[in-house]
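In order, the protein sequence lines correspond to chains A and B. Taking this note's numbering, the leading residue of the first sequence gets 1, the next gets one more, and so forth. Taking this note's numbering, the leading residue of the second sequence gets 1, the next gets one more, and so forth.
In case anyone wonders, no lab produced these hints; they're calculated from the structure. Small disclaimer: the values here were computed from a predicted structure and weren't measured. Ideal Cβ placement from N, Cα and C applies to all residues, glycine included. Hints may contain errors.
[Unchecked claim] Cross-link-like lysine to aspartate or glutamate pairs, in silico, EDC-like; alpha carbons within 20 Å at most:
| # | chain 1 | residue 1 | chain 2 | residue 2 |
| --- | --- | --- | --- | --- |
| 1 | A | Lys-294 | B | Glu-293 |
| 2 | A | Lys-294 | B | Glu-286 |
| 3 | A | Lys-510 | A | Glu-115 |
| 4 | A | Lys-485 | B | Glu-293 |
[Unchecked claim] What follows is a set of in silico ranges between Cβ atoms, one per label pair, in the way DEER data are often shown:
| # | chain 1 | residue 1 | chain 2 | residue 2 | range |
| --- | --- | --- | --- | --- | --- |
| 5 | A | Tyr-365 | B | Pro-81 | 34 to 44 Å |
| 6 | B | Asp-148 | A | Arg-299 | 36 to 46 Å |
| 7 | B | Gly-251 | A | Gly-239 | 20 to 30 Å |
| 8 | B | Pro-283 | A | Ala-27 | 54 to 64 Å |
[Said to hold, decoys possible] Stretch-level coverage of chain B by chain A, calculated; a stretch enters the list once three of its residues show a Cβ under 8 Å from a Cβ in chain A:
| # | stretch |
| --- | --- |
| 9 | 52 to 59 |
| 10 | 109 to 117 |
| 11 | 309 to 321 |
Residues per chain, in single letters:
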Amino acid sequence: MPRNAVGREIPEEVGGKPLTPFQGAFATVPQGRKAAPPLKTIRPGEDKVLPSLEEAIRRVGLSDGMTISFHHSFRDGDLLVLRVVEACARMGIKDLRLFPTALFPCHEPLIRYIEEGVVTRIEGSMNGPVGAFVSRGGKLREPAVLRSHGGRWRAIECGEVHIDVAFIAAPTADTYGNANGMWGPNACGPISFSVPDSWYADHVVVVTDNLVPYPAIPAEIEQGYVDYVVTVDRVGDPGGIATGTLRITRSPTQLRIARLAADAVIAAGLVRDGMGFQAGAGGISLAATDFIAKEMARRGVKAAFAIGGVTMYLAEMLKEGLVGAILDGQAFDARAVEFLREHPRHVIITPGFYADYNSRGCATYMLDFAFLGGTEVDLEFNVNVNTHSDGQLLHGIGGHQDVASGAKVTVITIPTIRGRIPTIRESVTTVTTPGEVVDLIVTERGIAVNPRRPDLREDLRRAGLPVRTLEEMRAEAERLVGKAKRPVFGDEIVALIQWRDGTVIDVVRKVVGWE
Amino acid sequence: MELVREASCGSDERSDAWVSVRPADAISVHIASKTGPMYEDRIREVKVREQGAYDHVIRARLLCALKRAGEDGEAFRRPMPIQVAREGTPKGRLRRSRLYVPGNNARVLAFVDVFGPDCVILDLEDSVPPAEKDAARFLVREILSSMDFGDTEIWVRINPLPRGGREDLEAVLLGRPHGICLPKAESPVEVAELAGFLYELEGRYGIPWLVWIMPIIESPKGVLAAPEIAKASERVVCLAFGAEDYTAEVGCERSWEALLWARSGIVAAAAAAGIQASDTVYPDIEDEEGLYEEAKRAKALGFDGKGAIHPLQIESIHRAFAPTPEELEWAKGVVAAAEEAERKGHGAVAYRGKMVDRPVVARAKRILEMARAMGMEVGDAA
Numbered sequence: 001m002p003r004n005a006v007g008r009e010i011p012e013e014v015g016g017k018p019l020t021p022f023q024g025a026f027a028t029v030p031q032g033r034k035a036a037p038p039l040k041t042i043r044p045g046e047d048k049v050l051p052s053l054e055e056a057i058r059r060v061g062l063s064d065g066m067t068i069s070f071h072h073s074f075r076d077g078d079l080l081v082l083r084v085v086e087a088c089a090r091m092g093i094k095d096l097r098l099f100p101t102a103l104f105p106c107h108e109p110l111i112r113y114i115e116e117g118v119v120t121r122i123e124g125s126m127n128g129p130v131g132a133f134v135s136r137g138g139k140l141r142e143p144a145v146l147r148s149h150g151g152r153w154r155a156i157e158c159g160e161v162h163i164d165v166a167f168i169a170a171p172t173a174d175t176y177g178n179a180n181g182m183w184g185p186n187a188c189g190p191i192s193f194s195v196p197d198s199w200y201a202d203h204v205v206v207v208t209d210n211l212v213p214y215p216a217i218p219a220e221i222e223q224g225y226v227d228y229v230v231t232v233d234r235v236g237d238p239g240g241i242a243t244g245t246l247r248i249t250r251s252p253t254q255l256r257i258a259r260l261a262a263d264a265v266i267a268a269g270l271v272r273d274g275m276g277f278q279a280g281a282g283g284i285s286l287a288a289t290d291f292i293a294k295e296m297a298r299r300g301v302k303a304a305f306a307i308g309g310v311t312m313y314l315a316e317m318l319k320e321g322l323v324g325a326i327l328d329g330q331a332f333d334a335r336a337v338e339f340l341r342e343h344p345r346h347v348i349i350t351p352g353f354y355a356d357y358n359s360r361g362c363a364t365y366m367l368d369f370a371f372l373g374g375t376e377v378d379l380e381f382n383v384n385v386n387t388h389s390d391g392q393l394l395h396g397i398g399g400h401q402d403v404a405s406g407a408k409v410t411v412i413t414i415p416t417i418r419g420r421i422p423t424i425r426e427s428v429t430t431v432t433t434p435g436e437v438v439d440l441i442v443t444e445r446g447i448a449v450n451p452r453r454p455d456l457r458e459d460l461r462r463a464g465l466p467v468r469t470l471e472e473m474r475a476e477a478e479r480l481v482g483k484a485k486r487p488v489f490g491d492e493i494v495a496l497i498q499w500r501d502g503t504v505i506d507v508v509r510k511v512v513g514w515e
Numbered sequence: 001m002e003l004v005r006e007a008s009c010g011s012d013e014r015s016d017a018w019v020s021v022r023p024a025d026a027i028s029v030h031i032a033s034k035t036g037p038m039y040e041d042r043i044r045e046v047k048v049r050e051q052g053a054y055d056h057v058i059r060a061r062l063l064c065a066l067k068r069a070g071e072d073g074e075a076f077r078r079p080m081p082i083q084v085a086r087e088g089t090p091k092g093r094l095r096r097s098r099l100y101v102p103g104n105n106a107r108v109l110a111f112v113d114v115f116g117p118d119c120v121i122l123d124l125e126d127s128v129p130p131a132e133k134d135a136a137r138f139l140v141r142e143i144l145s146s147m148d149f150g151d152t153e154i155w156v157r158i159n160p161l162p163r164g165g166r167e168d169l170e171a172v173l174l175g176r177p178h179g180i181c182l183p184k185a186e187s188p189v190e191v192a193e194l195a196g197f198l199y200e201l202e203g204r205y206g207i208p209w210l211v212w213i214m215p216i217i218e219s220p221k222g223v224l225a226a227p228e229i230a231k232a233s234e235r236v237v238c239l240a241f242g243a244e245d246y247t248a249e250v251g252c253e254r255s256w257e258a259l260l261w262a263r264s265g266i267v268a269a270a271a272a273a274g275i276q277a278s279d280t281v282y283p284d285i286e287d288e289e290g291l292y293e294e295a296k297r298a299k300a301l302g303f304d305g306k307g308a309i310h311p312l313q314i315e316s317i318h319r320a321f322a323p324t325p326e327e328l329e330w331a332k333g334v335v336a337a338a339e340e341a342e343r344k345g346h347g348a349v350a351y352r353g354k355m356v357d358r359p360v361v362a363r364a365k366r367i368l369e370m371a372r373a374m375g376m377e378v379g380d381a382a
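With the hints as constraints, model all of the structure from the sequences given.
Below, the structure is given as structure tokens:
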């Protein structure tokens, strides 16, 4: 089996579809033209509002084998995916391909519909139980496909994924289909993940619980792309947005990592007027950003922009004048949603603006530095975001690949031990992001500098920061916890991990035992 | 092995293990493991519910459960197999920061080796509830013998000798710490008694170095006796100040002014005995600037270091105790002048018009040493 540029065996084809192995972060030169949706028209006075999801499903002709898409802006509070799949099941539709931006623990009931054959393929991030279920193998007709935010945009745009029906949960919409997530009783922040779906899908259904008089503005989703508008009692639960680690950590170990990460970008001279940065929503990233904010305030430095996932911490930085603009693709807490309404320089961006490989420039390329996480790293600086060391597929890629590719300095923050599991491996279980786009790996034991960046190494050394090798830190952690057994993988491929350009950087195989 | 009752030890906290044992006709083992198959061959020998606990944590929990169940054999008093290389430390080494860590908290102890204070103090006293003292002894002992602390000096704060301190020593000396903190020290007699125990246990367990003593002065009586406490044993290397109990007993505020006499008394007692003094902890973890300012004042008063209750306090303390450029320059000048005088056979020497005698040279050397330890450019001055 041929190996790709990060040494992973990639089959030449899966289920009759040829796979292109990953060649390098920027090796692919796109060919051809974008895909095109069908031409449509309506006449003045035509009514788009339908009484039920079932009616919409009938009108668009949703049938066996088709692809349906969703955004994940409600994160763990999403209600629409299950409602649509349940409706399809009731109507006897089966063999669907699910194309969400991401699934969360709230989507666990999908497992039943996978077992019943209603859903047979999934292309999208799977956070939690659905991923664990798929990892067991034999569940889906084809391997799941995981893409980054930019990668999903690209796949739609180039026609790699054809969407039959896009269902768009809209906290606010008008009868003509203009829609946004900023307003309404269940506002969730941007719903711009669905913008490409609206542009390229054969049929577009906006689903809302807050129908307002024309026009609903801003129109994140525009009327010209929308076939039908359906009202439901509740479109999603914003309470599910802020789950997980969206607060500054209080763990001494994590705070130490955050401090080292912040000190590293300060030492690299990146904290300066006009900078751009991305702050993740993990506890360590937030803490590191907080340290940076304090340094900025102390030195009177102002950032030109920050990219979200947006939390209240970032919103506060904008309010205090530490950041000139927030480019927001996704809200991570209620305060971020409020702020989007209040502040003119807190603006919504699409995944294409943010991260598309096949574009003439995306926002991540303007980043000076970014803090990212991972489940594992290895001695080649590769990062695993998707699987745990036991081989289970439990997380999506998010913007990880896109941000790491773009930022001048990409900082991975990771403790060397989680529970008892060591995170620095000789070779990661799954490669999500290749070492060639990773600059620093920061742990509680020190900072490893990618050998491709002798300049950074010198900056850090001069600042007296603890520069260590990954091998040293790996050995230290292993001395404490012992050598962990590794899972043994079988032949069955349960998921493909795409690089953002559409090539395959790794595959996830079914675990068949332990060494 | 004779078990007479059912007993358990540990918790379901992260990085900890819960172990239970009971008398039975045959050995049976049940495991509930958070790490799944990844380490199962390492934990098969014990009965645990573990939450990502390291081997030494599981071992400590098992030993304590066995002891609680009635087992009290020789195995509990044998020296530990030496798992990490450790050497004794110099009497006058840098002790800018002493970080207190609760001795029964596996979750905090899992990363205790990475924070880089000059001294780590594994605590058996105030942070451990009475019912868990035995568990903490086993855990601290296992941490001591299993974890490599690098350049950090590793201490244990025992309970007062009449209230479990003796049992603490019996257990933790097996793990070969560098030193013992004696809380609520009020008389040289206690220190001498502790020194006697240490002498005996060093011999029994084959510890090749002198185990140091750090009396913690935390009462008015202790402050008044500080000069004698400081000189009570050659093992005493540092007097530490504990303001919380002192404040309560005196009935004063926890302000700089109210504690100034006690602080000065401790510094003077330590200096008179030729040993170090370490200031009390700063209780507000969030207030980095307040900590930094208090540490600066402690340094100005003559303290050599300060206590920390959170790892993030270490940096502020080290920053405060770092020599200023002026101090550094002065120290280099003094040492150079003294060496020059020695070469020429002169007894007394002056630097910048001021007499330089032995203590001044010692102070200058200490500043240079501190600067060097902090990675500052010192040149080749001695």
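Consistency of the hints with the structure:
Proximity of Lys-294 (chain A) to Glu-293 (chain B) is assessed by CA-CA distance (about 18 Å); at most 20 Å being required, the pair is judged to hold. Under the criterion of a C-alpha separation no larger than 20 Å, the hint pairing Lys-294 (chain A) with Glu-286 (chain B) is consistent with the structure, at around 14 Å. At most 20 Å may separate the alpha-carbon atoms for a hinted pair to count; Lys-510 (chain A) and Glu-115 (chain A) meet this at roughly 17 Å. The hinted pair formed by Lys-485 (chain A) and Glu-293 (chain B) fails the criterion: a straight-line CA distance of about 49 Å is larger than 20 Å.
Roughly 56 Å separates the CB atoms of Tyr-365 (chain A) and Pro-81 (chain B), a value that falls outside the hinted 34 to 44 Å. Between Asp-148 (chain B) and Arg-299 (chain A) the beta carbons are some 38 Å apart, a value that agrees with the proposed interval 36 to 46 Å. Checked against the hint of 20 to 30 Å, the pair Gly-251 (chain B) and Gly-239 (chain A) fails, with Cβ atoms roughly 50 Å apart. Between Pro-283 (chain B) and Ala-27 (chain A), the C-beta spacing of about 57 Å keeps the proposed range 54 to 64 Å intact.
Beta-carbon proximity to chain A at under 8 Å applies to 4 residues in the stretch 52 to 59 of chain B; the threshold of 3 is reached and the given coverage holds. Note: the stretch 109 to 117 of chain B has 5 residues with beta-carbon separation from chain A under 8 Å; the three-residue rule is met and the coverage holds. Coverage of the stretch 309 to 321 of chain B by chain A holds [criterion: at least 3 residues with CB-CB distance below 8 Å; count 4].
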